[in-house]
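Participant: Residue numbers (the numbering used here), protein chains in the order written: chain G, 21 to 335; chain X, 14 to 475.
No lab work stands behind these hints, which were simulated from the structure alone.
All C-beta atoms, glycine included, are put in the ideal place defined by N, C-alpha and C.
Any given hint might turn out to be false.
Claimed, not checked - Lysine-lysine pairs mimicking DSBU-like chemistry, simulated, CA-CA at most 35 Å apart: (1) G:K288 / X:K366; (2) X:K213 / X:K136; (3) X:K254 / G:K288; (4) X:K111 / X:K343.
Said to hold, decoys possible - A short, non-exhaustive set of chain X residues, derived as facing chain G with CB atoms under 10 Å: (5) K103; (6) K111; (7) G113; (8) G133; (9) Y134; (10) A228; (11) R281; (12) Q284; (13) K287; (14) P433; (15) Q434; (16) E441; (17) A444; (18) A445; (19) G448.
Stated by the list, open to error - DEER-style ranges, computed between Cβ atoms: (20) X:Q251 / G:L66: 55 to 63 Å; (21) X:Q251 / G:A177: 44 to 52 Å; (22) G:L78 / X:T89: 39 to 47 Å; (23) G:N112 / X:P75: 24 to 32 Å; (24) G:L190 / X:P218: 30 to 38 Å; (25) X:T89 / G:Q99: 37 to 45 Å.
Residues per chain, in single letters:
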Amino acid sequence: MAQAISPPEAPGAPESAPGTKEPARYSSDAAGLGKARAGVFMAPALLLIAAFLVFPALWVLYLGLTNYRLTGIAAAEPQFVGLDNLLDAVANPTFWSSTWLTTQFVLGSAVIGQVGLGFTIAWLLRDRRGPLKRVVEGLVILAWILPSAIVSFLWVALLDRDGGTLNALLGIPGTAWLLDHPMLSIIVFNTWRGTAFSMMLYGAALGNVPPSHLESARLAGASGWQQLRDVVFPHIRGHILTNLLLISLWTFNDFTPFLLTAGGPDGKSEVLAVHVYKVALQGGELGYGAAVSTIILLINLVVAVFYLRLLRSKK
Amino acid sequence: MALRKRSMGVVAVITAAGLGLAACGQSSGGGGDTIELTIAQNAIAGGKNAAAAKFVADWVIPKFEAAQKAKGKDVTVKFVPSGVDDEQYKTKLSLDLKSGKGADVIDIDGIWAGEFAEAGYIKPLAELVGAEADSWDGWAQIPEAVQAMAEFNGKKYALPVGTDGRVLYFNKSLFAKAGLPADWQPKSWQEILDAGAKLKSSGVPVPIQINAGTAMGEATSMQGVLPLLAGAGGEVQQDGKWSGASQPLKDALGLYQKIYGGGLGDPRLQQEAKGRDKSFQQFAEGKVGILMEGDYFWRGVVNPKTGVAKMADRDQTVGYAMIPAIEPGKGIKGQDFVSMSGGALRTVNPNSKHPKEAFELLAFTLSPEALKEETKDGNVRITPRTDVNKEILAGEPLLTFISEKVLPVTAYRPPVALYPQVSVALQEATAAVAGGTAPDQAAADYQKKLEGIVGGAGNIAS
Chain G
21 MAQAISPPEA PGAPESAPGT KEPARYSSDA AGLGKARAGV FMAPALLLIA
71 AFLVFPALWV LYLGLTNYRL TGIAAAEPQF VGLDNLLDAV ANPTFWSSTW
121 LTTQFVLGSA VIGQVGLGFT IAWLLRDRRG PLKRVVEGLV ILAWILPSAI
171 VSFLWVALLD RDGGTLNALL GIPGTAWLLD HPMLSIIVFN TWRGTAFSMM
221 LYGAALGNVP PSHLESARLA GASGWQQLRD VVFPHIRGHI LTNLLLISLW
271 TFNDFTPFLL TAGGPDGKSE VLAVHVYKVA LQGGELGYGA AVSTIILLIN
321 LVVAVFYLRL LRSKK
Chain X
14 MALRKRSMGV VAVITAAGLG LAACGQSSGG GGDTIELTIA QNAIAGGKNA
64 AAAKFVADWV IPKFEAAQKA KGKDVTVKFV PSGVDDEQYK TKLSLDLKSG
114 KGADVIDIDG IWAGEFAEAG YIKPLAELVG AEADSWDGWA QIPEAVQAMA
164 EFNGKKYALP VGTDGRVLYF NKSLFAKAGL PADWQPKSWQ EILDAGAKLK
214 SSGVPVPIQI NAGTAMGEAT SMQGVLPLLA GAGGEVQQDG KWSGASQPLK
264 DALGLYQKIY GGGLGDPRLQ QEAKGRDKSF QQFAEGKVGI LMEGDYFWRG
314 VVNPKTGVAK MADRDQTVGY AMIPAIEPGK GIKGQDFVSM SGGALRTVNP
364 NSKHPKEAFE LLAFTLSPEA LKEETKDGNV RITPRTDVNK EILAGEPLLT
414 FISEKVLPVT AYRPPVALYP QVSVALQEAT AAVAGGTAPD QAAADYQKKL
464 EGIVGGAGNI AS
């Protein structure tokens, strides 16, 4: 990579102008010692990253090229099968339906649900003080801090067709939400559960929008929507994109839908994370599961790169 | 400089703490002369198979420890409970065994023996324990068909814990309302459908419930598609060849279509994550007319004392009948009635540090005294031992019925490692039909999947 630290000095120029003296540089020995010291300090972190991120990722990559299984002869003597697992995945209709369901899940609950609802709540509460704000924030955050297993259990009871609270409230007994509308149920659940993060992030971001800018816009006759579009959004664009990146990736890899529907009925809520669990751990096909995990990793990378480019594009 | 010193100090503390934690994580290797054994079952106090969990905790452990003490051995036993679906239990067990861990004595489903043996997770008992495994006196009391469940490639890998059979349960109160007899015994599938239609017109919410779909895993195979397949004269594997989209399979799937497409069954009960449990509950509440299940249903579900869906009036209200063939004489081997049998196995974990003592514990749980104790207080089941069965089944009409009428016409699943994958494909075929797919299409899709599982069309009977 080309280095462009400073332009070449003009001949005859003084070594340094008075008052513009460069900071003292380390001698090469001192620099070397500094690097060594930095290396020592970074070593534990690098080792941990290698042990818990790089090695498992490479291992999954390798497993995806074998017919490794949880039981049977392929558990004891796995064979190298090259790209067979990937080809099997591509030829598997369940893989494609899972990919489509995952897309719905991410767009519905993360991009539209959590971001939309989180921002709306943060916007409505931005100038408020007092008990209402605390109660609303408390309720939203409660959904976020409770363990997944517990809230999933509560929602299964809430959405149950016989005696479920939602049916009782709506007066429509017999509606099997998790069976008849599995993805809608999961999207609503995940929106409810994850909105707190967005709300807090946008709450903090909105606090940084200078009131004078909004005041000026108001005086210039801008409508509420125009204030949002032309003042607020440009100001918190980075926050929005960072949030989108984080919650998209979380949602993409979220396993919670399994706790609500176990991927059913008949695969109608089998998002990719659940698909991997079902084929790898329930079905014992670890090699195939690893191959699908590799595909998920690649999709995650593409999503991450897309958001990061968007984030940098107008910074 | 002070900062650097402090940083170095922090690193040193973290490193030391890490090493300390790592040291804590290492096994102490057992202390002194005490032998510690663990026994794992998919049973838990107050939950799944609660009676079995109670029996191990309250009787087996203290009695075995006392017996060992009398022999001069200091042995302590711990129970490792689970209360999960069989598929989850299998996954946990597989991961335990794969990582060289797990309890010393473990319960597995009979059908897992092949794939566990191939993976090296379980070993022939004689190899692990020595000659005493083959010379165990209990073998003489166990019928050969039941012994065969614990064998793979001609070697004994475990002791059989028991066997079972499938019947049609029905609610006599609902039958009376529909004008059906209390001693109902259908002789063909049509008679089941006719009874279902009468139940429906008398207002029963779910006239017939036959397991379908993947949500309930192997239960769909054992209490659903396999008995129907047998009733239509088919077997999942015969003479080394797997059955594909055969006429018996199409017939079996056709019955699913008549039940779930014809409004006689509730397909949602098949699809829900806890659908099987819900169907049990609904049967106990008098909402299901006919239910195909194993004797576990009688012992562990509607058992008035220990069931998960207790029926106080079980003995008066619940009737049972043999599963008929599609038509008389059209079942496998020309039978009029059919059933499927399975059974659990109990074996010694090859990772055990004390395999001989583990086998002693294993054999102890299958001693006549233990089996008699376990089956007290209404917890009767068909044990593997004929000497014990004679005594304990005496006061149990259902189990006597299964033992005398059902077991002679029963069939077993192929004891091969590929079977569990084939079973899943069959479950998917039933799910498709319950969801509206035509039986012929579901059978064709099954054949396609089967080819992938068993290594091509050459291994499938035409």
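Participant: Run through the hints listed earlier and report the numbers of any the structure violates, in increasing order.
Facilitator: 1, 2, 4, 7, 23, 24
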